Amino acid sequence: MAMKRASASAFRALASSGNSNSSILTRELHASPGSKKIVGVFYKANEYAAMNPNFLGCVERALGIGDWLESQGHQYIVTDDKEGPVCGKYIDTKVYSVYMILELEKHISDLHVLVTTAFHPAYVTAERIKKAKNLQLVLTAGIGSDHVDLKAAAAAGLTVAEVTGSNVVSVAEDELMRILILIRNFLPGYHQVIKGDWNVAAIAHRAYDLEGKTVGTVGAGRIGRLLLQRLKPFNCNLLYHDRIKMDPELENQIGAKFEEDLDVMLPKWMFDKERIAKLKKGVLIVNNARGAIMDTQAVVDACCSGHIAGYSGDVWYPQPAPKDHPWRYMPNQAMTPHISGTTIDAQLRHAAGVKDMLDRYFKGEEFPPQNYIVKEGELASQYR
Amino acid sequence: MAMKRAAASAVRAFASSGNSNSSILIRELHGPPVVEEMRLGGGTCNCWYVVWVLMFLCKQTSPGSKKIVGVFYKANEYAAMNPNFLGCVERALGIGDWLKSQGHQYIVTDDKEGPDCELEKHISDLHVLITTPFHPAYVTAERIKKAKNLQLLLTAGIGSDHVDLKAAAAAGLTVAEVTGSNVVSVAEDELMRVLILTRNFLPGYHQVIKGDWNVAAIAHRAYDLEGKTVGTVGAGRIGRLLLQRLKPFNCHLLYHDRIKMDLELENQIGAKFEEDLDVMLPKCDIIVINTPLTEKTKGMFNKERIAKLKKGVLIVNNARGAIMDTQAVVDACSSGHIAGYSGDVWNPQPAPKDHPWRYMPNQAMTPHISGTTIDAQLRYAAGVKDMLDRYFKGEEFPPQHYIVKEGELASQYR
Chain U
1 MAMKRASASA FRALASSGNS NSSILTRELH ASPGSKKIVG VFYKANEYAA
51 MNPNFLGCVE RALGIGDWLE SQGHQYIVTD DKEGPVCGKY IDTKVYSVYM
101 ILELEKHISD LHVLVTTAFH PAYVTAERIK KAKNLQLVLT AGIGSDHVDL
151 KAAAAAGLTV AEVTGSNVVS VAEDELMRIL ILIRNFLPGY HQVIKGDWNV
201 AAIAHRAYDL EGKTVGTVGA GRIGRLLLQR LKPFNCNLLY HDRIKMDPEL
251 ENQIGAKFEE DLDVMLPKWM FDKERIAKLK KGVLIVNNAR GAIMDTQAVV
301 DACCSGHIAG YSGDVWYPQP APKDHPWRYM PNQAMTPHIS GTTIDAQLRH
351 AAGVKDMLDR YFKGEEFPPQ NYIVKEGELA SQYR
Chain X
1 MAMKRAAASA VRAFASSGNS NSSILIRELH GPPVVEEMRL GGGTCNCWYV
51 VWVLMFLCKQ TSPGSKKIVG VFYKANEYAA MNPNFLGCVE RALGIGDWLK
101 SQGHQYIVTD DKEGPDCELE KHISDLHVLI TTPFHPAYVT AERIKKAKNL
151 QLLLTAGIGS DHVDLKAAAA AGLTVAEVTG SNVVSVAEDE LMRVLILTRN
201 FLPGYHQVIK GDWNVAAIAH RAYDLEGKTV GTVGAGRIGR LLLQRLKPFN
251 CHLLYHDRIK MDLELENQIG AKFEEDLDVM LPKCDIIVIN TPLTEKTKGM
301 FNKERIAKLK KGVLIVNNAR GAIMDTQAVV DACSSGHIAG YSGDVWNPQP
351 APKDHPWRYM PNQAMTPHIS GTTIDAQLRY AAGVKDMLDR YFKGEEFPPQ
401 HYIVKEGELA SQYR
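Protein sequences, first through last, are from chains U and X. The first sequence begins at 1 in my numbering and counts up one residue at a time. The second sequence begins at 1 in my numbering and counts up one residue at a time.
Derived from the structure by calculation, the hints contain no laboratory data. Zero decoy hints are in this set.
Straight-line C-alpha distance at most 25 Å; calculated BS3-like pairs for lysine-lysine:
{"no.": "1", "chain 1": "X", "residue 1": "Lys112", "chain 2": "U", "residue 2": "Lys195"}
{"no.": "2", "chain 1": "U", "residue 1": "Lys232", "chain 2": "X", "residue 2": "Lys247"}
{"no.": "3", "chain 1": "X", "residue 1": "Lys210", "chain 2": "U", "residue 2": "Lys82"}
{"no.": "4", "chain 1": "X", "residue 1": "Lys308", "chain 2": "X", "residue 2": "Lys272"}
{"no.": "5", "chain 1": "U", "residue 1": "Lys195", "chain 2": "X", "residue 2": "Lys210"}
Computed from a prediction, not measured in an experiment: that's the story for all the values here.
Whole structure, please, built from the sequences with the hints as guidance.
Written out as structure tokens, the structure reads:
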């Protein structure tokens with residue numbers, strides 16, 4: 001950020017020297033002095049926006065930073081409209097009619113900052129990055145920046161950052177909830193209730209306590225560790241696999257055992273047909289990480305056969321999941337849309353984190369180091 | 001149990017004396033004079049006279065042989081799916097062979113309602129009745145009167161409120177349950193429900209199966225559990241296990257109970273004692289019910305008490321349905337005063353098809369299942385077997401298992 005800092009102070013020097021009409025055009029600073037064009041893509045709330053003043057993550061409230069940005073002299077445009085030419089496929093300009101020009105695409109070419117959210121992700125493709133001549137900073141209001149072509153971003157000298165830590169508790173809680181929902185066989189019971197039925201046996205024949213079961217987390221970073229901590233009083237047999245082993249003190253405190261070679265691991269973090277076949281018959285899987293980690297059809301097949309006795313998560317590929325996504329209709333599923341990290345509490349944290357990073361950006365200051373996903377051409381270690 | 005022991009040894013003495021046709025039937029808490037006479041023994045004449053009288057009065061055919069009836073839920077095709085599925089009528093706790101080998105008669109049924117049901121057919125001569133809260137056989141004063149041979153009521157599980165305990169006490173019956181067999185199961189289940197309600201899981205699930213995707217419709221009232229105030233009404237075995245499991249979530253934990261925990265345990269668990277229930281309740285974002293159903297707790301959550309709760313409160317009740325006023329809960333869920341209600345207990349059970357809790361908004365109900373996971377079934381089957389074994393031998397039960405003993409109710413039911 002040194003260059004940015006330097007140019008910012010040069011800028012300020014210029015502005016104060018009375019030469020307000022000069023336009024210093026560096027890659028970092030365009031348009032009017034200090035004023036930035038910030039575009040945010042969030043999900044629409046419609047009638048739900050009014051129901052809760054703390055509901056900051058929707059486009060109607062746009063993180064609650066609109067007034068602040070305007071008071072700082074910046075331009076803030078928000079939209080829920082994110083799908084342009086899909087996934088880098090070009091629409092022939094000859095048939096490119098006006099009503100197809102989607103909101104985000106309108107602003108791509110001159111925005112400085114793009115704020116996106118994993119819950120309604122604007123796919124920042126290499127194509128879009130090319131078009132975005134003024135783009136300097138891509139912020140994720142939340143966690144998970146895989147909807148950005150990080151390599152292209154790095155090559156273009158962009159900074160990509162997210163609000164690391166803002167959702168970790170939310171997602172860990174949500175994962176534990178799903179573990180319990182699957183192992184205690186909650187949903188069949190609920191279905192009976194709303195259908196007017198009562199058949200204890202139809203649930204109980206495969207409902208279990210969590211106590212004493214073997215639970216393995218694939219990845220024990222921030223979220224994985226918080227999950228393990230919340231699992232501890234349940235007296236399970238806890239295993240974890242990660243690139244990095246925890247230090248022994250933490251391991252003892254958490255009570256989890258390191259598995260260096262997750263046998264069905266996964267040099268590529270993919271749960272495909274072969275890997276699923278090696279899992280215990282009747283295994284339960286919780287995936288709040290990313291849908292694309294799983295082979296969609298392999299999961300469907302295994303849930304149908306019962307090899308997977310329960311699959312629960314809030315992530316899909318793609319998102320939003322289309323109406324006919326097979327995971328909606330397969331047996332043994334306890335899915336939801338992508339919501340675990342967008343509780344009201346998490347939204348408050350995202351909003352505060354984005355505001356803080358924008359503030360530092362305007363001032364030419366560094367972000368909290370753990371927030372960087374792409375910086376000065378380098379990807380954060382977990383994405384390499 | 002001294003009398004029982006005496007009787008049992010008397011029986012064995014008789015049996016070993018070669019008189020295998022004698023049938024001594026001691027109604028445990030009745031007929032002490034008979035037992036005493038036998039023990040102190042006037043001589044063979046007296047004893048034989050007693051035996052002869054008893055043979056007249058009793059219907060048993062073999063020494064010590066008991067008639068045990070068990071009422072369990074039917075599994076149909078699900079029974080075959082899991083050999084550990086012991087709680088259904090098809091497996092009947094897995095103790096059939098053992099009871100038979102001991103020379104007892106074991107009759108099992110799921111048919112418990114109405115004057116012509118299977119249970120009614122055996123009421124008059126059964127010695128032991130095993131029931132389960134998941135498909136409860138209501139042991140009314142009426143039935144107790146008819147059950148002339150009945151000595152022992154065992155609950156395969158926890159919660160004996162389906163038995164008229166006062167009538168049982170007056171009739172000199174012993175009532176016992178497998179205390180502790182479900183505590184972990186129910187505590188886990190309660191925590192699951194706390195999360196389901198707080199995180200607004202079900203609307204998301206509904207969207208999925210309907211083909212929808214509307215994050216806002218869920219997120220506008222989805223919260224983390226962290227930092228919320230959770231109060232448990234009752235902090236006995238289950239309440240404490242729940243609090244322990246809540247601890248890493250970093251909530252504000254409150255508990256109300258007749259008895260305050262000792263300080264060390266309180267600190268370890270991290271929960272604060274609330275002496276006055278009505279002071280605690282309005283503080284709570286989430287309330288979990290962990291009391292048995294007694295005369296004191298029946299209907300305790302009525303319209304008035306619910307109105308004093310925080311608007312948008314979440315309630316988890318895996319205790320007993322009748323602790324709540326059914327209609328008051330419906331009204332509050334409909335108005336949104338209760339933003340979420342989840343539990344596995346109803347009044348009555350099974351819940352009829354038109355029970356209003358099925359169709360009210362903001363509910364996350366299931367049938368009565370939390371304490372009948374496979375793991376819990378294994379525990380309560382073992383516990384019932386153990387108590388039957390002790391009963392046959394005239395031995396005491398683990399003290400915490402008694403609900404009614406020698407005319408007295410256990411303290412939580414008084």
